[in-house]
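Chains as they are written, first to last, in our numbering: chain A, 1 to 785; chain B, 786 to 950.
Keep in mind that the hints were calculated from the coordinates and are not lab data. Quantities reported herein were computed from a predicted structural model and do not represent experimental measurements. A few of these clues could be false.
[Said to hold, decoys possible] DEER-style ranges, computed between Cβ atoms:
| # | chain 1 | residue 1 | chain 2 | residue 2 | range |
| --- | --- | --- | --- | --- | --- |
| 1 | A | E137 | B | D815 | 25 to 35 Å |
| 2 | B | R817 | A | K58 | 26 to 36 Å |
| 3 | A | V693 | B | G943 | 19 to 29 Å |
| 4 | B | G943 | A | H241 | 30 to 40 Å |
| 5 | A | V184 | B | K938 | 36 to 46 Å |
| 6 | B | R817 | A | F234 | 33 to 43 Å |
| 7 | A | S55 | B | D867 | 22 to 32 Å |
| 8 | A | M706 | B | G904 | 25 to 35 Å |
| 9 | A | A9 | B | D867 | 19 to 29 Å |
| 10 | A | E495 | B | R817 | 22 to 32 Å |
| 11 | A | H448 | B | D867 | 14 to 24 Å |
| 12 | A | H714 | B | T827 | 15 to 25 Å |
| 13 | A | E495 | B | P866 | 46 to 56 Å |
| 14 | A | Q24 | B | D867 | 52 to 62 Å |
[To be verified] The calculated lysine-lysine pairs, modelled on DSS-like cross-linking and capped at a C-alpha distance of 27 Å, are:
| # | chain 1 | residue 1 | chain 2 | residue 2 |
| --- | --- | --- | --- | --- |
| 15 | A | K405 | A | K436 |
| 16 | A | K13 | B | K942 |
| 17 | A | K535 | A | K557 |
| 18 | A | K720 | B | K796 |
| 19 | A | K48 | A | K89 |
| 20 | A | K611 | A | K561 |
| 21 | A | K561 | A | K584 |
| 22 | B | K938 | A | K720 |
| 23 | B | K856 | A | K22 |
| 24 | A | K450 | A | K405 |
| 25 | B | K938 | A | K22 |
| 26 | A | K317 | A | K147 |
| 27 | A | K611 | A | K568 |
| 28 | A | K317 | A | K95 |
| 29 | A | K611 | A | K147 |
| 30 | A | K720 | B | K931 |
| 31 | B | K796 | A | K22 |
| 32 | A | K13 | B | K938 |
| 33 | B | K942 | A | K428 |
| 34 | B | K931 | A | K13 |
| 35 | B | K931 | A | K651 |
| 36 | A | K310 | A | K405 |
| 37 | A | K440 | A | K428 |
C-beta atoms are modelled at their ideal positions from N, C-alpha and C, and glycine is treated no differently.
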Amino acid sequence: MSATGIGAAVRRKEDLRFITGKGQYTDDVIRPGETRAVFVRSPHAHAKIKRIDASAAKSLPGVVAVLTGAELANDKIGNLICGWMIHSKDGTPMKMAPHPALASGKVSHEGDAVVLVIAETLAQARDAAEKVNVDYEALPAVIDTAKAKSGPQIHEVAPNNTIYEWSLGDAKAVDAAFATAKHVTKLDIVNNRLVPNAIEPRSALAEYDAGTDQLTLWNTTQNPHVSRLVIAAFVGMAPEHKLRVIAPDVGGAFGSKIFIYPEEVVCLWAARKLRRPVKWTADRSESFISDAHGRDHVTHAELALDANGKILAMRVKTIANLGAYMSTFSSSVPTYLYATLLSGQYDIPHIYCEVDAVYTNTVPVDAYRGAGRPEATFVVERLVEVAARQMNIDPADIRKRNFIKSFPHQTPVIMAYDAGDYNASLKKALELADVKGFNKRKREAARHGKLRGLGYSTYIEACGIAPSQAVGALGCGVGLWESAEVRVNPTGTVEVLTGTHAHGQGHETTFAQLVSERLGIPLENVSIVHGDTDKVQFGMGTYGSRSGAVGMSAVVKALDKIESKAKKVAAHMLEAAEGDIVFKDGKFTVAGTDKSAAWSDVALNAYIAHKFAGQELEPGLKETSFYDPTNFTFPAGCHICEVEVDRDTGKTEIVNWTAVDDFGTVVNPMIVEGQVHGGIAQGIGQALLEGAVYDKDGQLVTGSLMDYCMPHAHDVPSFKVGLTETKAPSNPLGIKGCGEAGAIASPAAVINAITDAIGTEELAMPATAQAVWSALRHGQPRQAA
Amino acid sequence: MPAVSMTVNGKAVTGDVEARTLLVQFLREDLRLTGTHVGCDTSQCGACVVHIEGIAVKSCTTLALQCEGAKITTIEGLAEPDGPLHPMQEAFREHHGLQCGFCTPGMIMAALDIVRRCGNDLDEHTIREQLEGNICRCTGYHNIVKAIAAGAKAMAKGGARQAAE
Numbered sequence: 001m002s003a004t005g006i007g008a009a010v011r012r013k014e015d016l017r018f019i020t021g022k023g024q025y026t027d028d029v030i031r032p033g034e035t036r037a038v039f040v041r042s043p044h045a046h047a048k049i050k051r052i053d054a055s056a057a058k059s060l061p062g063v064v065a066v067l068t069g070a071e072l073a074n075d076k077i078g079n080l081i082c083g084w085m086i087h088s089k090d091g092t093p094m095k096m097a098p099h100p101a102l103a104s105g106k107v108s109h110e111g112d113a114v115v116l117v118i119a120e121t122l123a124q125a126r127d128a129a130e131k132v133n134v135d136y137e138a139l140p141a142v143i144d145t146a147k148a149k150s151g152p153q154i155h156e157v158a159p160n161n162t163i164y165e166w167s168l169g170d171a172k173a174v175d176a177a178f179a180t181a182k183h184v185t186k187l188d189i190v191n192n193r194l195v196p197n198a199i200e201p202r203s204a205l206a207e208y209d210a211g212t213d214q215l216t217l218w219n220t221t222q223n224p225h226v227s228r229l230v231i232a233a234f235v236g237m238a239p240e241h242k243l244r245v246i247a248p249d250v251g252g253a254f255g256s257k258i259f260i261y262p263e264e265v266v267c268l269w270a271a272r273k274l275r276r277p278v279k280w281t282a283d284r285s286e287s288f289i290s291d292a293h294g295r296d297h298v299t300h301a302e303l304a305l306d307a308n309g310k311i312l313a314m315r316v317k318t319i320a321n322l323g324a325y326m327s328t329f330s331s332s333v334p335t336y337l338y339a340t341l342l343s344g345q346y347d348i349p350h351i352y353c354e355v356d357a358v359y360t361n362t363v364p365v366d367a368y369r370g371a372g373r374p375e376a377t378f379v380v381e382r383l384v385e386v387a388a389r390q391m392n393i394d395p396a397d398i399r400k401r402n403f404i405k406s407f408p409h410q411t412p413v414i415m416a417y418d419a420g421d422y423n424a425s426l427k428k429a430l431e432l433a434d435v436k437g438f439n440k441r442k443r444e445a446a447r448h449g450k451l452r453g454l455g456y457s458t459y460i461e462a463c464g465i466a467p468s469q470a471v472g473a474l475g476c477g478v479g480l481w482e483s484a485e486v487r488v489n490p491t492g493t494v495e496v497l498t499g500t501h502a503h504g505q506g507h508e509t510t511f512a513q514l515v516s517e518r519l520g521i522p523l524e525n526v527s528i529v530h531g532d533t534d535k536v537q538f539g540m541g542t543y544g545s546r547s548g549a550v551g552m553s554a555v556v557k558a559l560d561k562i563e564s565k566a567k568k569v570a571a572h573m574l575e576a577a578e579g580d581i582v583f584k585d586g587k588f589t590v591a592g593t594d595k596s597a598a599w600s601d602v603a604l605n606a607y608i609a610h611k612f613a614g615q616e617l618e619p620g621l622k623e624t625s626f627y628d629p630t631n632f633t634f635p636a637g638c639h640i641c642e643v644e645v646d647r648d649t650g651k652t653e654i655v656n657w658t659a660v661d662d663f664g665t666v667v668n669p670m671i672v673e674g675q676v677h678g679g680i681a682q683g684i685g686q687a688l689l690e691g692a693v694y695d696k697d698g699q700l701v702t703g704s705l706m707d708y709c710m711p712h713a714h715d716v717p718s719f720k721v722g723l724t725e726t727k728a729p730s731n732p733l734g735i736k737g738c739g740e741a742g743a744i745a746s747p748a749a750v751i752n753a754i755t756d757a758i759g760t761e762e763l764a765m766p767a768t769a770q771a772v773w774s775a776l777r778h779g780q781p782r783q784a785a
Numbered sequence: 786m787p788a789v790s791m792t793v794n795g796k797a798v799t800g801d802v803e804a805r806t807l808l809v810q811f812l813r814e815d816l817r818l819t820g821t822h823v824g825c826d827t828s829q830c831g832a833c834v835v836h837i838e839g840i841a842v843k844s845c846t847t848l849a850l851q852c853e854g855a856k857i858t859t860i861e862g863l864a865e866p867d868g869p870l871h872p873m874q875e876a877f878r879e880h881h882g883l884q885c886g887f888c889t890p891g892m893i894m895a896a897l898d899i900v901r902r903c904g905n906d907l908d909e910h911t912i913r914e915q916l917e918g919n920i921c922r923c924t925g926y927h928n929i930v931k932a933i934a935a936g937a938k939a940m941a942k943g944g945a946r947q948a949a950e
């Protein structure tokens, strides 16, 4: 391993600009003549728009324009779409309701964008927005996930507010296995609705150049090319080659910035209409009612086991709330990103899962860190933990009895796990967490009036998203390969253009580490370019822990081609046969001789083309690759949470956290650990603090950071993080991905720990002090067999 | 519009602002110091923390006019343009105390105020409690806590060295 190569804890190249205040986020970009936009949003969850009166607003100083859905429709701006087709059990396609970027005739959730007000300054736009008078006729709202099907119909296309009724697995085989079971564990689970809350609010700045008929959008997006494709091909804003999307520095995303939102569409349209740049940046209150939310499942799950605690089958029925409209990838989250992971780390012969997706008058729900996999892990790990308790089996032991031990392993729910060692991560976690000493710590805590509990989560996820053919067969509207272009300059410095996008993950460092190791050049001689459709030709963006496994693999393939071409150049320079050229440590050598050429000399020769005929070998040194993985990757591991619960107040303190993860090859352990820390904190947030609460009329009660409890520094502990390693066989680097693991593993570990401490399973997330206190007093005490 | 004058990062500045203009708007939009960020509208997140007369203040909840005659320091003013980084900036980089970087300027400015109030020898519990006014969604705080402890120590060493010189 070189000091800056793969496996080195290199300090991040991108940090300098962030710690000195020189980052360039969308709201930091200013264009000449820029106007500011404010959206007038629906205060109702469900209402008809009777009349919009903007006359008072238009007469205010500085107001440039007031635009409505009628004008948007008049200009033939198309609707937003969901790009993953799901078919119901009966073969019918999902029921996608129209989603105009500005409401047309009716509003379907609190925060639905109705009117755009544009003024010279933000203050003027805000003043004017307050003067826009919208007459609504309120309609009854559908809020509750479990009761959505029986509520008043929201969209014409979707009777019973049902988007699809989907299933996966063999119901008959599962029924037969349950009939033979010695023990059945049943759980009712609510996976609480979350608000992603990246600290940078969403923002869009659109500019139109009438001279070239070119639109440019600066946008808080994780995938500028997908954004451009959808806005061009489906919304019909402009042809793809006339629209440039730039994702500059993006301040956190966690899935919420994957999607194509109404605001960027409306700003583009307005910028062209007004021939002025238009900028919109969300307030946090606006983020709460317009960023796609996450999770929101209501589930009944059952696990069948034999007398020895061996799992025979699993049966799961979930209702997934997708909110008022189908967001960009919403349909895939509770289906192919959820049910396909219900086998966990276990050898389960039969699984059957039904998922009903419903519309409600709430903010759309889509992928949020983990996307479906945290929900699956919570179901599996709660079932297994509770089964162990009911059957008096040690929770580590029941897991060992059921672990998949040989690979490849075909689960009954599509996935073919290709590599892993689940015993190894469990064993290492048991040691790091000092589980042997737990009983002593528990007795000690009891002396201080505290209840101690231990909770496990042996999770798995499918990452490295994804083989294009595989996802295509499952209904995905795009391929999920990744691209890379490696440009070697005549002086030997290198630019790598990647279709992935970093918004905290440190790609400018890790991608450069790969190039530094491979070409034997210093890290500072490598630049990573991303986030601009004018620079990078195409790419699928960053989500699903895919950038290392898929994006860096594309870089490897491009580097293979670079090396091959450079060897040809070196052969001419050294007057040797191409097959005799060896490339090592940044030097080209003729095998068995002391004749060599340095990397920078070969780069220069590729461009001056003095040593070879340009007709035989093309001058230049630039290569491209589109890499499509052969399988998903399967990061897995074991998290152990230890809590102390105050029996008088119900307050939970997490006293120890141990995470042992198998991410395959680790490019930069410092960055990987940071990803794990952040993921765990988000999972702890879900388990203990966070929950989006709507009242019966569809008002988001938790609509600000004063009401929605985000994890603070004092809410989380320091984390013990360890690694095990089995390489991913599906990509050349053996990378599995690490971005979502923490958020996937942790909620189950927390709830398993608290329920262990308090002696009842009746505890929903978030397990606030009040909820735990209430469970201690009113929960059904655990009865072991 | 009323005029306001203040010293920002050692430089005298003046501007005409509406009475309702917030300090953060004046810094970001009038002075183009965009290192100070806005992450919320309820003074919870702390992405906007700057120093007024050496004390950490949320610039999203301060009127520009309140700062008449005041000395303001923002993230851009912690280190000289071509000089070495401030030890707290250096500690955030060394300990990977940032990911997306959006909360970072506020975190660093808040961290310096913790050192001012609680000294250079900070334990984990103190740092976590004192960070109540700042939210990070990326790091899980683990490395921010490490960075602040290390930065505080490094500041003490720097101070001792300066005193010796």
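task = Mind checking the alpha carbons of K317(A) and K95(A) for me, to see if they're no more than 27 Å apart?
result = Answer holds: K317(A) to K95(A) is near 20 Å, not above 27 Å.
message = Within 25 to 35 Å: is that where the Cβ-Cβ distance between M706(A) and G904(B) falls?
response = holds (31 Å)
query = Given the proposed pairing of K720(A) with K931(B), does the C-alpha separation stay at or below 27 Å?
reply = The given pair, whose Cα atoms are some 14 Å apart, holds under the 27 Å limit.
key: Hinted pair K440(A) and K428(A), Cα distance within 27 Å   = holds (20 Å)
Restraint check for K450(A) with K405(A), where alpha carbons must lie at most 27 Å apart = With Cα atoms ~38 Å apart, K450(A) and K405(A) exceed 27 Å; violated.
ask   = So does R817(B) sit 33 to 43 Å from F234(A), Cβ to Cβ?
value = holds (37 Å)
query = Is it true that the CA of K938(B) sits at most 27 Å from the CA of K22(A)?
reply = holds (25 Å)
message = The hint says 25 to 35 Å between E137(A) and D815(B); measuring C-beta to C-beta, is that right?
response = The hint (25 to 35 Å, Cβ to Cβ) is violated, given that E137(A) and D815(B) are roughly 44 Å apart.
ask   = Does the hinted range 19 to 29 Å hold for A9(A) and D867(B) at CB?
value = This hint holds: roughly 28 Å between Cβ atoms.
task = Starting from K561(A), check that the Cα of K584(A) is at most 27 Å away, please.
result = Within the cut-off at roughly 15 Å; holds.
key: Distance restraint evaluation - S55(A), D867(B), Cβ atoms, bounds 22 to 32 Å   = Because 55 Å falls outside the window, the suggested range is violated.
request  = Would you mind confirming whether the straight-line C-alpha gap from K317(A) to K147(A) stays at or under 27 Å?
outcome  = holds (15 Å)
In summary, the numbered hints that this structure violates are 1, 3, 4, 5, 7, 11, 13, 14, 18, 19, 24, 29, 33.
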